[in-house]
Amino acid sequence: MVLIRVVEEMIANKYRENKMRCPTHLCTGQEAISSAVSANLKIQDTVVSTHRSHGHYLGKGGNVDKMIAEIYGKSSGCSKGYGGSMHLIDLNVNFMGSTAIVGNSMPIGIGLGLSSKLENYNNISCVYFGEGCTEEGIFHESVNFAITKKLPVLFVCENNLYSVYSGLNVRQPKNRKIHKMVEGMGIKSFNGDGNNVIDVYKLTNKAVKYIKQNNKPAFLEFKTYRWREHCGPNYDNDIGYRTEKEYLDWKKKDPIKNYIKFLTNKNIFKLEYLKRIDKSIISKSIKAFNFAEKSKFPSKNDATKNVYA
Amino acid sequence: MVLIRVVEEMIANKYRENKMRCPTHLCTGQEAISSAVSANLKIQDTVVSTHRSHGHYLGKGGNVDKMIAEIYGKSSGCSKGYGGSMHLIDLNVNFMGSTAIVGNSMPIGIGLGLSSKLENYNNISCVYFGEGCTEEGIFHESVNFAITKKLPVLFVCENNLYSVYSGLNVRQPKNRKIHKMVEGMGIKSFNGDGNNVIDVYKLTNKAVKYIKQNNKPAFLEFKTYRWREHCGPNYDNDIGYRTEKEYLDWKKKDPIKNYIKFLTNKNIFKLEYLKRIDKSIISKSIKAFNFAEKSKFPSKNDATKNVYA
Amino acid sequence: MPKKRIIKFNEAINEAMVTAMNLNKKVLCFGLGVDDPKRIFNTTKNLKEKFGSDRVFDTPTSENAMTGVGIGMSLKGYYPVMVHQRLDFFLLAMDQLVNSAAKWHYMFGGQQNIPITIRLIVGRGWGQGPTHSQSLHSWFAHIPGLKVVMPSSARDAKGLLLSSIFDKNPVIFIEHRWLHNTTSEVPVKKYLTPISKPKIIKKGSDITLICISYMTIEAIRAVDFLEKENVSVEIIDLRTISPINYSIINNSIKKTGRFLVLDIGNEKYGVASEIISTITIKLYKYLKNPPNKITLPHIPTPTSFGLTKDFYPTYRDIIFEVLKMLKKKTLKNKIPVLKNLHDVPGNWFTGPF
Amino acid sequence: MPKKRIIKFNEAINEAMVTAMNLNKKVLCFGLGVDDPKRIFNTTKNLKEKFGSDRVFDTPTSENAMTGVGIGMSLKGYYPVMVHQRLDFFLLAMDQLVNSAAKWHYMFGGQQNIPITIRLIVGRGWGQGPTHSQSLHSWFAHIPGLKVVMPSSARDAKGLLLSSIFDKNPVIFIEHRWLHNTTSEVPVKKYLTPISKPKIIKKGSDITLICISYMTIEAIRAVDFLEKENVSVEIIDLRTISPINYSIINNSIKKTGRFLVLDIGNEKYGVASEIISTITIKLYKYLKNPPNKITLPHIPTPTSFGLTKDFYPTYRDIIFEVLKMLKKKTLKNKIPVLKNLHDVPGNWFTGPF
Ligand SMILES: Cc1ncc(C[n+]2csc(CCOP(=O)(O)OP(=O)(O)O)c2C)c(N)n1
Ligand SMILES: Cc1ncc(C[n+]2csc(CCOP(=O)(O)OP(=O)(O)O)c2C)c(N)n1
Ligand SMILES: [Mg+2]
Ligand SMILES: [Mg+2]
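Residue numbers (this note's numbering), protein chains in the order written: chain A, 1 to 309; chain B, 1001 to 1309; chain C, 2001 to 2353; chain D, 3001 to 3353.
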């Protein structure tokens, strides 16, 4: 969780150096979900994700050096510079890929679930997406197929209230509850506070157990909030689609601060200990940026490679 | 209802003359729905439909001569021979078009609903489709938009258990109830016996009232059964995807026979009176086939017309 | 010498499927109706019985998601074969095809392959009309990362489908409905016909006919008459639409100096235009004549028997155009007339599909 | 004489929208973000404020259904203008576009029109990568019943958008992202620039450059140098990709005898190939040279600054190719180098879109 926060904030700080030359969607504020969901996944379990995938990638254990190098467009990047921030992959930890078209990676995750079923349900396929994705037809096709075929798929919906600058009201009916809607389709579904890392952990744990015990898919909806602009490094509460107050209210629900408060209040860890962890995370992150900056760009001739396998 | 039955059965009888040279999907056995739904629609209300649209077209008051001529490919046809059985239109009664790709006409019906809303909800947009269509993403996109925008759309799902030769089990989860599923999305929904014309009438009446009173969409699901093969004039209970017994059980639920029984038992109409109606319907149908056979084919040069308006 | 075995195109497809599924357990087959009584015009016959319902299965009417499912299976080493009874239905899946399947290998730096094969059937005649008859192969060919295969004989159907299934890239495999019932000699054994390699069907010296899919049949029909008129025709069956290895074509053009492209797609912005452009740019100085093409007219497919009369070009149009290109005169009424009604592959065909 | 009014391309689009919506109450504008703070790169500025949320509205992320909604509105006499921030997203709506919008007028015998306009923006540079930069105009052009418009100047953007909106047919209106910030003189009044009519940007006698969208800008940049080398270039901006009225082009080719097509799409099976094929078939005897084209390479768009260095052709490539076609020698290092980094329209651009 802290690693994700630190990395995202470093990207935000350094984006204006114009060295990370690709559209970049940060997840600052939403870190609890990827962290606590991932904590319930085994390395063999697969993940697919969206445009906003840094957290999912890092949560799954994806290589941080390679991620930053990818955003810098270097050949040492996890996609060798072909993909950029919106196309991450780390096969070592079965992070199978993130893609940039809304809803695009979801059915691919369903296919991964089907392959798992054919191999005796040997692992879970975890599919991350935003609440905007639930408006795409492919979302429903995917959920329907996963239920019909009884696939070991874990759907994780990060409902951060916005799709770019559009609030829920213009996109979904007033009283829509996504977890209720999919229940009507026939999938087991859970719903929780996406900024409470313990909640997320517990619910995911339940969902994973449900999948394992029943060989059926399960659905998680978490409410959360992205702090920064939709795409890019800045804050944008001033441009008018949401209020500063809304942002500040959500900032109070900072998943990290609250978790630290919880841990220290309950005396589970000492603040000092946590600070030491932070330090090591920060140096890991700095190292990643150094690695990226020092790496080479792929050569322009490489562009014609990898078109066909 | 009787007109639809008579016309469909005449098509079936005459199809093997090889004069109706286009894919043709008959609705024999399903007539109660189009009849009783239509009885609740005003002429200004619009309809869109699917590949299996003869009943919807005739129910809405579409011109029977022009429909048969269209199936015969004649220039006197309702689409002047350009469309065939799968592309019917009769603007005089606001039958706005049927199209052949599953789910394709549905969002168009939603657009018609939006135009009605912008004109003070002056009419209802009725959208027919089969249960197979609910597996297409566009179905969910359409329902979601209709609810979000509060459009005066009447969704009519004819659940005849089959999509071509595929039963429900390979396409939808076991306990799927379509009307429940859409309720979860937030739409008012009704469910009834599609072979009972009185039931269909009453439920549609409720749904139409609901739309008018609330300026919101409503959803109808009717269970029913097609007697003949998916596409073409024959029976096909022998080829193995469904049983003769299933068919015979459904045949007992013949919407027309049962309605006649009801009418005569209750002495609402005398059988003789009904027979007179039948006779006039039969002669109307024969007249349509004569009209079609006598009409001319469009000239091959007409094919290059109408590409652009 | 053993007797030649003659089988139908749809049987050859079926044989390729059985062979592939026997060879490799990771070959799958799915799509609407693959296990129904009609078995996709018999091309998926016995598959379910032989290989079970894990490997051969029907699907919901969800073309876009099912394509994604195939991609996901590919990522785990499967070789999915998807089937659509009409190419037109597959328009719902363009996002998965173009934004995922075609680019996956590239955009993740070559780390994964998508060896999916998508069989698309192109309808024709008997009132298939505007939305059951489109052949949009030029769309697929325009997308780098995809391969597009369009056989015209039973023999190639088997060999090319096998190559497509085991090719590491996404392959669009297009079957013309009027080919399913045609026959040719087909070896019983497994064989891989190379993708990207056009085939010379008949040698000749005056003009090269470059044929796509079903048009190869019409080209062959045109030969008899043309030879009688002392025209020596070279027929090349493209077989693969993208990528094309041009060397066979180039040699032919260098020899004949004239060519005519025969396509089953719309006239404009199609594959025929690409081939004309490519050859013109490269072999300009060898050309004796301006090139030409015979395609569908640039209009939607009408439905009526009356409107379709001139819609689909036949050997008659080929003969007429070849003679024109060679500046030979012929009386139109000398060209033999069609044996069938124009909207059926044979008069035995009585619809509806 | 009144002073010329110079405005930006995106302002011209906005002006066309305002003009159209003022002229006719049935003109609508919808799509993701049309009323958000960024207003589609300011092209939909003030629309909601001026015309209200019945006529200007945001939508769910449902590209396919929303296209159908537009078609349904069309059937009731509306003129919907849909907007997609990237063409790539619109791949989800191919069924509605091809199977409905393009064919509706035809398949119902000419009884109804679909006057929908679909604005698609093509991304370039700054790591847009494989799925945020595709220009698939040749797909749309391949479909009879659609019109495809691609202006390259602010002036044409306004006049052509107005024509597109009120055209009775579905029109795909493609805006290249790097044009939004370019400027030209744009009249304040309403004017309709005719669809289908290419425009001569500059007269010349040695060679005709046939340009599509943004490539017109690069062609103009190439002129200075070429004139210094004593090459007289005629520049034609296609403006409409389908259908094309060829008479202006034909006259130019008859004069110059040489042509080079400049496209923003993939190399193969694209619009450049269609134009080369069409001109070669018809004007073969006027050609002094084999034609040629400059396009994107036939590969997906890579993301990295390193990989994109040679991906997008510039005026340098044009100069080089023109000199080659005219068999003139030049030292590559004489051709002026780019003023900006290759992945931005100007160094003021700092992403992310
Ligand atoms: C098919 C498609 N339509 C539109 C877009 C533009 N787009 C990029 S991200 C995004 C927001 C999606 O919202 P959500 O799924 O809630 O994810 P979030 O950004 O909130 O994490 C949109 C609309 C896209 N990438 N793909
Ligand atoms: C997108 C698409 N996929 C497949 C088909 C082939 N097809 C034609 S009708 C049909 C059955 C649809 O079932 P349903 O919606 O239940 O309608 P029914 O035929 O039962 O009336 C199918 C799959 C099609 N026309 N369009
Ligand atoms: Mg969101
Ligand atoms: Mg059905």
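Hint data in this document are derived by calculation from the structure and do not stem from the laboratory. Hints may contain errors.
Result set (EDC-like, lysine to aspartate or glutamate): computed pairs, CA atoms no more than 20 Å apart in a straight line [said to hold, decoys possible]:
1) A:Lys216 - C:Asp2054
2) B:Lys1150 - D:Asp3054
3) A:Lys174 - B:Glu1009
4) B:Lys1253 - B:Glu1009
5) A:Lys180 - B:Glu1183
6) D:Lys3309 - A:Glu293
7) C:Lys2045 - B:Asp1236
8) C:Lys2038 - B:Asp1236
To give a feel for the contact side, a few chain D residues facing chain C, derived at Cβ under 8 Å [to be verified]:
9) Asn3099
10) Met3107
11) Gly3110
12) Asn3113
13) Thr3131
14) Ala3141
15) Ile3217
16) Glu3274
17) Ile3276
18) Pro3290
Glycine included, every Cβ here is placed at the ideal spot set by N, Cα and C.
Outcome of the hint check:
1. A:Lys216 - C:Asp2054: Roughly 16 Å separates the two Cα atoms, so the pair holds.
2. B:Lys1150 - D:Asp3054: Roughly 12 Å separates the two Cα atoms, so the pair holds.
3. A:Lys174 - B:Glu1009: Not OK: Lys174 (chain A) and Glu1009 (chain B) at ~47 Å, beyond 20 Å, violated.
4. B:Lys1253 - B:Glu1009: 17 Å, holds
5. A:Lys180 - B:Glu1183: Between Lys180 (chain A) and Glu1183 (chain B) the Cα gap is close to 10 Å, so the pair holds against 20 Å.
6. D:Lys3309 - A:Glu293: 18 Å, holds
7. C:Lys2045 - B:Asp1236: It holds: about 18 Å lies between the C-alpha atoms, which stays within 20 Å.
8. C:Lys2038 - B:Asp1236: The hint holds at about 11 Å.
9. Asn3099: 5 Å, holds
10. Met3107: 4 Å, holds
11. Gly3110: Constraint on Gly3110 (chain D) not satisfied, violated at 12 Å.
12. Asn3113: With a minimum Cβ separation of about 15 Å from chain C (threshold 8 Å), the hint on Asn3113 (chain D) is violated.
13. Thr3131: The hint holds - Thr3131 (chain D) has a Cβ within 8 Å of chain C, the shortest such distance being about 5 Å.
14. Ala3141: 4 Å, holds
15. Ile3217: Nearest chain C Cβ about 24 Å off; hint violated.
16. Glu3274: 4 Å, holds
17. Ile3276: 4 Å, holds
18. Pro3290: Nearest chain C Cβ about 3 Å off; hint holds.
Hint compliance for this structure: hints 3, 11, 12, 15 are broken, all remaining hints hold.
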